[in-house]
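Okay, here's what each chain looks like letter by letter:
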Amino acid sequence: SAVISQKPSRDICQRGTSLTIQCQVDSQVTMMFWYRQQPGQSLTLIATANQGSEATYESGFVIDKFPISRPNLTFSTLTVSNLSPEDSSIYLCSVLGQNQETQYFGPGTRLLVL
Amino acid sequence: TQLLEQSPQFLSIQEGENLTVYCNSSSVFSSLQWYRQEPGEGPVLLVTVVTGGEVKKLKRLTFQFGDARKDSSLHITAAQPGDTGLYLCAGAYNFNKFYFGSGTKLNVKP
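These protein sequences, in sequence, are chains R and W. Counting from 1, one number per residue, gives the positions in the first sequence under my numbering. Counting from 115, one number per residue, gives the positions in the second sequence under my numbering.
Mixed in with the good hints there might be a few duds.
[Said to hold, decoys possible] Chain W stretches covered by chain R per the calculated footprint, using a threshold of three residues with CB under 8 Å from any CB of chain R:
| hint | stretch |
| --- | --- |
| 1 | 155-163 |
| 2 | 194-204 |
| 3 | 215-221 |
[Unchecked claim] So, partial list: chain R residues that the calculated Cβ filter (under 7 Å) puts toward chain W:
| hint | residue |
| --- | --- |
| 4 | L43 |
| 5 | L92 |
| 6 | P107 |
Hint data in this document are derived by calculation from the structure and do not stem from the laboratory. Ideal placement from N, C-alpha and C gives every residue a C-beta, glycine not left out.
Between the sequences and the hints, there should be enough to build the whole structure, so can you do that?
Listed below in structure tokens is the structure:
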């Protein structure tokens, strides 16, 4: 398994600003993912963070709104840009385990946009 | 449209009762995972099933993967308040792309 930390754990932001979320893993991993989750609901995949190349975004998510960095095999950031109240959600990062079959999740970042 | 549909969406039962949660899709997956999530935390992996027809047991939890690898079920025997949480199934394509089910909120009352 992998131990994953996220910063910040929660934040309250003003409309029009941006928030950058950090994800740190305690071991090198090939694949990292970013998800969005409304409280008590399912997870929606935003993108796969690729080391050394541009992230791969899912339908409905674009790089201008959700720029992602992956400078090495243990770290990634997700920025949520030009915030609106609709961006209020929980943002989770995850990594793929060594067996390539399972994911391990960070604790999430709770974002509230006013 | 959700790729994986879970049922029921909500379940409130008394301690000691049994329950089954279903995860259904029209798509074939290379593997399927079940997670439990508590408020304020990320999902925690319970089990991964890979082979069609596979059955795995984890104490009072029994997981089954359908023969065609399109559906799965989670059965809990003698539920306890500590089982309360959001249960999520996730299907994997090509072992590295995951789609999550709609989720089942379970509340076990003492």
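Tested hints:
Note: the stretch 155-163 of chain W has 6 residues with beta-carbon separation from chain R under 8 Å; the three-residue rule is met and the coverage holds. Closer than 8 Å: that is the beta-carbon criterion, and the stretch 194-204 of chain W has 3 residues meeting it against chain R, so the requirement of 3 holds. Coverage of a stretch by a chain is defined here by at least three residues with a beta carbon nearer than 8 Å to that chain's beta carbons; for the stretch 215-221 of chain W and chain R the count is 4, and the condition holds. Proximity of L43 (chain R) to chain W holds as hinted, the smallest CB-CB distance being about 4 Å (cut-off 7 Å).
Contact between L92 (chain R) and chain W, as hinted, is supported at the beta carbon level, the nearest pair being about 5 Å apart and thus within 7 Å. Because the closest C-beta pair between P107 (chain R) and chain W is about 5 Å apart, less than 7 Å, the hint holds.
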